[in-house]
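K.L.:
So you can see what is in the structure, the chains are spelled out below.
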Amino acid sequence: MAYSDKVIDHYNNPRNVGQMDKNSDSVGTGLVGAPECGDVMRLQIRVNPETQVIEEAKFKTFGCGSAIASSSLATEWVKGKTVSEAMEIKNTDIVKELALPPVKIHCSVLAEDAIRAAIGDWKKKNGVGETAATAAAVAAK
Amino acid sequence: MSMNTFDDDVTTVPAATANGNSGKAPKGVKLPIYMDNHATSPIDPRVLEAMMPYLTGIFGNAASRNHSFGWEAEGAVEKAREQVAKLIGATAKEIIFTSGATESNNLALKGIAEMYRERGNHIITQVTEHKAILDTCKRLEKAGYRVTYLPVKADGLIDLEDLKRAFDEKTILVSIMFANNEIGVVQPVAEIGKMCRERGVLFHSDGVQAVGKIPVDVNSMNIDVLSLSGHKIYGPKGVGALYVRRRNPRVQISEQINGGGHERGMRSGTLNVPGIVGLGKACEISGQEMAAEGERLSKLRDKLKAKLEGALDYIHVNGSMEHRLPNNLNISFVYVEGESLLMGINDVAVSSGSACTSATLEPSYVLKALGLGDDVAHSSIRFGLGRFNTEAEVDYVADKVIDIVKKLRELSPLYEMVKEGIDISKIEWQAH
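In the order they appear, the protein sequences are chains V and P. Position one of the first sequence corresponds to residue 1 (our numbering), numbered consecutively onward. Position one of the second sequence corresponds to residue 1001 (our numbering), numbered consecutively onward.
Since the hints were derived computationally from the structure, they do not count as laboratory data. There may be inaccurate statements among the hints.
What the hints assert, rightly or not - Below 25 angstroms or equal to it, Euclidean Cα-Cα: the simulated BS3-like pairs (lysine-lysine) are:
{"#": "1", "chain 1": "P", "residue 1": "Lys1426", "chain 2": "V", "residue 2": "Lys124"}
{"#": "2", "chain 1": "V", "residue 1": "Lys6", "chain 2": "V", "residue 2": "Lys58"}
{"#": "3", "chain 1": "V", "residue 1": "Lys22", "chain 2": "P", "residue 2": "Lys1426"}
{"#": "4", "chain 1": "P", "residue 1": "Lys1131", "chain 2": "P", "residue 2": "Lys1368"}
{"#": "5", "chain 1": "V", "residue 1": "Lys123", "chain 2": "V", "residue 2": "Lys96"}
{"#": "6", "chain 1": "P", "residue 1": "Lys1110", "chain 2": "P", "residue 2": "Lys1170"}
{"#": "7", "chain 1": "V", "residue 1": "Lys6", "chain 2": "P", "residue 2": "Lys1407"}
{"#": "8", "chain 1": "P", "residue 1": "Lys1368", "chain 2": "P", "residue 2": "Lys1299"}
{"#": "9", "chain 1": "P", "residue 1": "Lys1030", "chain 2": "P", "residue 2": "Lys1299"}
{"#": "10", "chain 1": "P", "residue 1": "Lys1407", "chain 2": "V", "residue 2": "Lys22"}
{"#": "11", "chain 1": "P", "residue 1": "Lys1170", "chain 2": "P", "residue 2": "Lys1142"}
{"#": "12", "chain 1": "V", "residue 1": "Lys22", "chain 2": "P", "residue 2": "Lys1419"}
{"#": "13", "chain 1": "P", "residue 1": "Lys1086", "chain 2": "P", "residue 2": "Lys1194"}
{"#": "14", "chain 1": "V", "residue 1": "Lys58", "chain 2": "P", "residue 2": "Lys1406"}
{"#": "15", "chain 1": "P", "residue 1": "Lys1153", "chain 2": "P", "residue 2": "Lys1305"}
{"#": "16", "chain 1": "V", "residue 1": "Lys58", "chain 2": "P", "residue 2": "Lys1237"}
{"#": "17", "chain 1": "V", "residue 1": "Lys6", "chain 2": "P", "residue 2": "Lys1400"}
{"#": "18", "chain 1": "V", "residue 1": "Lys6", "chain 2": "V", "residue 2": "Lys125"}
{"#": "19", "chain 1": "P", "residue 1": "Lys1426", "chain 2": "V", "residue 2": "Lys125"}
{"#": "20", "chain 1": "V", "residue 1": "Lys6", "chain 2": "P", "residue 2": "Lys1164"}
{"#": "21", "chain 1": "P", "residue 1": "Lys1153", "chain 2": "P", "residue 2": "Lys1194"}
{"#": "22", "chain 1": "P", "residue 1": "Lys1419", "chain 2": "V", "residue 2": "Lys58"}
{"#": "23", "chain 1": "P", "residue 1": "Lys1024", "chain 2": "V", "residue 2": "Lys6"}
{"#": "24", "chain 1": "V", "residue 1": "Lys58", "chain 2": "P", "residue 2": "Lys1426"}
{"#": "25", "chain 1": "P", "residue 1": "Lys1131", "chain 2": "P", "residue 2": "Lys1164"}
{"#": "26", "chain 1": "V", "residue 1": "Lys58", "chain 2": "V", "residue 2": "Lys79"}
{"#": "27", "chain 1": "V", "residue 1": "Lys79", "chain 2": "V", "residue 2": "Lys123"}
Note that the structure is a prediction, hence the values are computed from the model and not measured.
All chains, full assembly: derive it from the sequences and hints.
P.N.:
Spelled out as structure tokens, the structure:
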């Protein structure tokens, strides 16, 4: 399979790799996927409580190049957005940006899930109302 | 692995598709490096040289009985038949040329099943066979045959006690591969042959990965029918053979391709003379060089394994090391996904059992049959060393793999958790 230049770039130079303290109130953590499915993404956000702006994002991913690129891109995109703006990011935007082939669409879905899971975790910690979209979010405990 | 070329239940991600930051090749190493010889092998120049006359001037039809063009072609085919037979301890008349091992396996199973239908309808095989066997068995099941699929042990070998219990009065055929295309494990073929012979049951073996690599002797091993292929042994693609025993017992096969009655009626169709000549030459060379080549490749393979094990934690060799082809190494780099590893080592051609490299998005059924979790199967890489690999290449590949695995583990949340002492099997993952 041929990878797009953007996937290759994210694979070679992944953005925002790392972890933040998942016990911090300002940090939301999303851990999605499963080892037996071949991909696990952990995406974390640090949210400014005053402005609800995502000031920092980190990820680590076990998965194929497209999964790595999708989550790396997701961290770039959520940074600087408010929580509600970040909730608007769609997997189809990721597919388009990275030119993912059909067999890799699930990587983009997982990245969207990771964003929503991280936001859901942050909302839960901070008593912000749950939405239907975040109800399914999974937090790393 | 979906890997669906014959034996390649493992798909190769072609070199040079991914990142452009590959390291410089050290002296004496030409990139990309081909180390996927279970999928296919390059043609040996000596094989090509033997074939060339039959691709140019000598074009006759081996079935033309009335002129020198035909006689020359026929002579070349008969010489090749001798060469193939010699490699496996058979006689020339027991060799049927085919288009490759998939056809050989189809011919063997369907041909025997049909021919011996009145005697019984039960076939025994095992779960890590190539799809050319498994899919043919499924077809036979639809046609009313019963097939027993023996499990394998954690080392990839069948349990002979399981085989013993599987025989019944309707069993007509046992088909067990000689060596596995993904993990290279060598089944106890001589013991299986003996058990079949004692019970009067025919024994077929898919010998694609073994013939030319390790000694195969149809008589001492009591093999009645054996499939082999040209392109796994530095010969051309599109040609293979089926050995069919003629004495003690005489095996009969119902033909699957009807036509001009070529190959003693068992396989009609104009003979692929240049391909057959190439197959013959490839068999001759393999017979002469097998011992030295096996020793050289097993040393290189062991060096590769030692380097990887010395530099990396959480790696898992899949399948028995004791009963194994000299040129195979199949390793899971746990907590790293296989396709992402292939992407990083893009100037090295190897294969992965990861679902992401397969058309079906399922991880290797062979690795799963060993009892490995899907997560370990997703992390597997198959190294298939071959005649033209050098020690410098092995060193390069080892260093490159170590480098990329370390990099990907920096990115892996699973590796981080395990290092922090978290039991990831206790996490409630969301399968998707």
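K.L.:
Confirm or reject each hint.
P.N.:
Tested hints:
| no. | hint | verdict |
| --- | --- | --- |
| 1 | Lys1426(P) - Lys124(V) | 23 angstroms, holds |
| 2 | Lys6(V) - Lys58(V) | 19 angstroms, holds |
| 3 | Lys22(V) - Lys1426(P) | 18 angstroms, holds |
| 4 | Lys1131(P) - Lys1368(P) | 15 angstroms, holds |
| 5 | Lys123(V) - Lys96(V) | 29 angstroms, violated |
| 6 | Lys1110(P) - Lys1170(P) | 16 angstroms, holds |
| 7 | Lys6(V) - Lys1407(P) | 19 angstroms, holds |
| 8 | Lys1368(P) - Lys1299(P) | 28 angstroms, violated |
| 9 | Lys1030(P) - Lys1299(P) | 21 angstroms, holds |
| 10 | Lys1407(P) - Lys22(V) | 23 angstroms, holds |
| 11 | Lys1170(P) - Lys1142(P) | 17 angstroms, holds |
| 12 | Lys22(V) - Lys1419(P) | 17 angstroms, holds |
| 13 | Lys1086(P) - Lys1194(P) | 22 angstroms, holds |
| 14 | Lys58(V) - Lys1406(P) | 19 angstroms, holds |
| 15 | Lys1153(P) - Lys1305(P) | 22 angstroms, holds |
| 16 | Lys58(V) - Lys1237(P) | 49 angstroms, violated |
| 17 | Lys6(V) - Lys1400(P) | 23 angstroms, holds |
| 18 | Lys6(V) - Lys125(V) | 35 angstroms, violated |
| 19 | Lys1426(P) - Lys125(V) | 23 angstroms, holds |
| 20 | Lys6(V) - Lys1164(P) | 56 angstroms, violated |
| 21 | Lys1153(P) - Lys1194(P) | 21 angstroms, holds |
| 22 | Lys1419(P) - Lys58(V) | 19 angstroms, holds |
| 23 | Lys1024(P) - Lys6(V) | 23 angstroms, holds |
| 24 | Lys58(V) - Lys1426(P) | 24 angstroms, holds |
| 25 | Lys1131(P) - Lys1164(P) | 24 angstroms, holds |
| 26 | Lys58(V) - Lys79(V) | 10 angstroms, holds |
| 27 | Lys79(V) - Lys123(V) | 17 angstroms, holds |
Checked against the numbered hints above, the structure breaks hints 5, 8, 16, 18, 20 and satisfies the rest.
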